[in-house]
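Undergrad: Now for the letters of each chain:
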Amino acid sequence: MDLSLLAELNAIRAARRAAIVVTDLSTGAGRLVREEAAAADPLAEELLARFRSGKSGLAESAAQVFLTVHVPPPRLVVVGAVHISQALAPMARIAGFDVAIIDPRTAFATPERFPDIPLFAEWPQDVLARMPLDPFTALAAVTHDPKIDDHPIAAALSAGAFYVGALGSRKTHAKRLERLAAMGVPAEALGRIRAPIGLPIAAQSPAEIAVAVLAEVIEALRKRGAVAREKAA
Amino acid sequence: MSDATTAVIDHDVLATAEGWARAGRGVALATVVETWGSAPRPVGSHLVIDGEGNFEGSVSGGCVEGAVVGEAIEVIGEGRPRMLEFGVADETAWRVGLSCGGRIRVYVEKVA
Numbered sequence: 001m002d003l004s005l006l007a008e009l010n011a012i013r014a015a016r017r018a019a020i021v022v023t024d025l026s027t028g029a030g031r032l033v034r035e036e037a038a039a040a041d042p043l044a045e046e047l048l049a050r051f052r053s054g055k056s057g058l059a060e061s062a063a064q065v066f067l068t069v070h071v072p073p074p075r076l077v078v079v080g081a082v083h084i085s086q087a088l089a090p091m092a093r094i095a096g097f098d099v100a101i102i103d104p105r106t107a108f109a110t111p112e113r114f115p116d117i118p119l120f121a122e123w124p125q126d127v128l129a130r131m132p133l134d135p136f137t138a139l140a141a142v143t144h145d146p147k148i149d150d151h152p153i154a155a156a157l158s159a160g161a162f163y164v165g166a167l168g169s170r171k172t173h174a175k176r177l178e179r180l181a182a183m184g185v186p187a188e189a190l191g192r193i194r195a196p197i198g199l200p201i202a203a204q205s206p207a208e209i210a211v212a213v214l215a216e217v218i219e220a221l222r223k224r225g226a227v228a229r230e231k232a233a
Numbered sequence: 001m002s003d004a005t006t007a008v009i010d011h012d013v014l015a016t017a018e019g020w021a022r023a024g025r026g027v028a029l030a031t032v033v034e035t036w037g038s039a040p041r042p043v044g045s046h047l048v049i050d051g052e053g054n055f056e057g058s059v060s061g062g063c064v065e066g067a068v069v070g071e072a073i074e075v076i077g078e079g080r081p082r083m084l085e086f087g088v089a090d091e092t093a094w095r096v097g098l099s100c101g102g103r104i105r106v107y108v109e110k111v112a
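Heads up: the protein sequence lines correspond to chains G and L, in order. Just so you know, we're using UniProt numbering here: the first sequence kicks off at 1 and counts up by one. Just so you know, we're using UniProt numbering here: the second sequence kicks off at 1 and counts up by one.
Derived from the structure by calculation, the hints contain no laboratory data. Backbone N, C-alpha and C fix where the C-beta goes; we use that ideal spot for every residue, glycine too. Careful, some of the hints might be misleading.
Selected chain L positions facing chain G (in silico; Cβ < 7 Å) [claimed, not checked]: (1) 14; (2) 15; (3) 18; (4) 21; (5) 29; (6) 33; (7) 43; (8) 44; (9) 81; (10) 109; (11) 111.
Could you put together the complete structure from these sequences and hints?
TA: What follows is the structure in structure tokens.
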């Protein structure tokens, strides 16, 4: 592997972006394909599938070619240190997500309620200025409070977060869409918000709602980009 | 969980490989490219080796690292990549719970 290729790969990984190293095992020649460039690559179909699965392996469509897949560890940012979050945070961590919780209400955001989970008792806009959202981050906004939820929802849509979910009834969500549109969020982006939040499994308790949300986040991660491409095809 | 852990560990390995190469050390990168059976480390796992046999990372959880390091030192000297294949036929080892009951193919290339 060329040192320059390795350096470029490390820079991509440090920026939490995805890339695949394509190595010809018969010659030793390697090249780097960024996710943004995969659709135009001769191996496009397989590369895109592997960006979604995150799994490295021998190419099925080309002999003697190995694909080393580098995708950043997925993150889940939960806005709202509420009862649902107390179940969602540990479950998401078990499923392999880096989890962070943001809630400016110091009565909610206490280490006693969230042992061992990175917790920010600050306004979301302040935290996200230091820790920007990205395409490998999911955002779940669960406070019910527009003052807390609206900004991070808009920020997640703008950053291309792979999942943006918001708690609230259809009526609540309709009002939210009006507010976000007034903030200048484009209609296409508004359509990406998952609301009511969570897969429809008739969840009742906070823990059950957390399961529905986590399942929806995982589905969005593993189908990342696939839906948009189907629509475009 | 294990996949996420793997990813984090491998991130460090590639940064180490770059750091060693920039420091002027001879460096080889070993990558698990195929596994059969109960291989302990997934495809894509990396081991980085320098010309003096220092290494970081893992391709088998400790079962074949020694052999990979020896081959890697030769790859660093020659510059040509190699494909290595390992299988553990020892039924006893498998029965006592060692996960090294599988077979793996490991690609070793020089970083330069």
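Undergrad: Against each hint, give a clear statement of whether it holds in the structure.
TA: Comparing the hints with the structure gives:
1. Proximity of residue 14/L to chain G holds as hinted, the smallest CB-CB distance being about 6 Å (cut-off 7 Å).
2. Here the hint on residue 15/L is kept, as its CB sits about 6 Å from the closest CB of chain G, short of 7 Å.
3. For residue 18/L, the interface hint holds, the least distance from its beta-carbon to any beta-carbon of chain G being 5 Å, beneath 7 Å.
4. Proximity of residue 21/L to chain G holds as hinted, the smallest CB-CB distance being about 5 Å (cut-off 7 Å).
5. Given the 7 Å rule on beta carbons, the hint for residue 29/L holds: about 6 Å separates it from the nearest Cβ of chain G.
6. With 7 Å as the threshold, the beta carbon of residue 33/L comes within range of chain G, its nearest partner Cβ sitting at about 5 Å, so the hint holds.
7. Residue-level restraint check for residue 43/L holds (minimum Cβ-Cβ distance to chain G is 5 Å; threshold 7 Å).
8. For residue 44/L, the suggested interface contact is upheld, since its CB lies about 3 Å from the closest CB of chain G, less than 7 Å.
9. Among the interface hints, the one on residue 81/L holds; its C-beta lies about 4 Å from the nearest C-beta in chain G, closer than the 7 Å criterion.
10. Proximity of residue 109/L to chain G holds as hinted, the smallest CB-CB distance being about 6 Å (cut-off 7 Å).
11. The interface hint given for residue 111/L holds, since its Cβ lies 5 Å from the closest Cβ of chain G, which is under the 7 Å cut-off.
In this structure, every one of the numbered hints holds.
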